[in-house]
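Q: Residues per chain are reported as follows:
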Amino acid sequence: MDEKPGQDRIPDTPLFDRKRSLGGYRINKMAMGLSRPENREAFKQDESAYLDRFSLTLEEKEAVMTRNWREMVRLGGNLFFILKISAVDPVRITEIGAHQAGMEHDDFLRNRLGKNV
Amino acid sequence: MAKLIGGLGTSHVPSIGAAIDKGLRDTPDWKPFFDGYIPGQEWVKEHKPDVAVVIFNDHGNSFFLDKVPTFAVGCAEEYRPVDEGWGPRAISPFRGAVDFSWHFIDTLIENRFDPMICQEIEVDHGIQVPMELFWGRPAEWPVRVVPIFVNVIQYPIPLPSRCYEMGRVLRQAIESYPGDERFVILGTGGLSHQLQGARAGFVNPEADRAFLNDIATDPDRLANMSREQYVEMFGSEGAELMMWLVMRGAMDRDVVVRHKHYFVPASMTGAGMIVMENKAAASPAVAA
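Chains A and B, in that order, are what the protein sequence lines are.
Here this note's numbering is used: position 50 in the first sequence is 50, and no number is missing along the way.
Here this note's numbering is used: position 181 in the second sequence is 1181, and no number is missing along the way.
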């Protein structure tokens, strides 16, 4: 189960394996920090400075600051951690899903989740 | 001797808790989902369990990636809701069944399961939502809880068969526990959903319905499936369904299904519920 990113054994299904966990440690630790109110406040006040506290690389920082969910996951971000960003900067989980699927939100709701929208 | 009176299975989708918090229970999106749980709530009211053993996973709230226990058992006096990013939810703290928790840990070790032991830990939606779905929002919970945390996020995750085997040890612990407490076991998680990758939004209602049948009639099949098969069939996050096997492994081979419910999608998830009793212990009229 230790496949490389982009070589998922089950297509388009990233498993949070050793490589992803090691690669994503900074992003996930930063996001875990958002479970504390003072860190949520710091993130809101100066996002760039908050991210620097966790030594994010430029690539990681850009993925977070542009809310590029697909890229965050590619870099090893795990949804259960990065979802905490949506507690500070609200976005629906279905929008995060649609972004990763590369679909418009309504199409995602209709075609993936079978909703009548 | 303590007694196992039932095995319950349910999803623990966080949006369910958010829907309750926001008063959305009776909106068109949610009413059919919540209505399906009414028979389960009535079963609980009628059977009045004293202790609920709840198998669930933490979602990066009580544990970070620095320490990842494959299995952890709570033996705390009290379990408070954790801050998942939105502040701790306004629900009553759960009271622990401390003495049984330690007895269960003893029994696990004697049977070659070696869990992490947690005397102080907060809990996330993984246990909150199942408790709310069956017991509502009481000012004080009428049952004490035993949380069992299973790592289903950081690979390597445990084998489905291992979860099933742990259930047998749980049964042994309940039946060797002095006292007359009535136990229920809640297997939680799933059903199909995927939150990450280009396959995000994957649900598999057909496989979900088959799972709800087989968890009662053919659990060996589910226990013998590989982790990859779970991921393929139920999605990367849906693989957590294997946690229901701890509950099922604690029950007899023959069970009676009292209630069953399926609804899709709850947020991005196929949501399921089941209430089972051991056939041998069920009332004769039903078992016949």
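It is worth saying that the hints were derived from the structure and are not from the lab.
In this text the structure is predicted, and so the values were computed from the model without any measurement.
Don't be surprised by glycine CBs; every beta carbon is placed ideally from N, CA and C.
Don't take every hint at face value.
Residues from chain B that face chain A, not an exhaustive set, calculated with beta carbons under 7 angstroms [unchecked claim]: (1) 1153; (2) 1155; (3) 1158; (4) 1161; (5) 1265.
Q: Hint by hint, say whether it matches the structure.
A: A quick look at each hint next to the structure:
1. 1153: 6 angstroms, holds
2. 1155: Since the shortest Cβ distance to chain A is 4 angstroms, the answer is holds.
3. 1158: 13 angstroms, violated
4. 1161: 16 angstroms, violated
5. 1265: For residue 1265/B, the interface hint holds, since the closest Cβ of chain A sits about 4 angstroms away, which is under 7 angstroms.
The structure fails hints 3, 4 (numbered hints given earlier, in ascending order).
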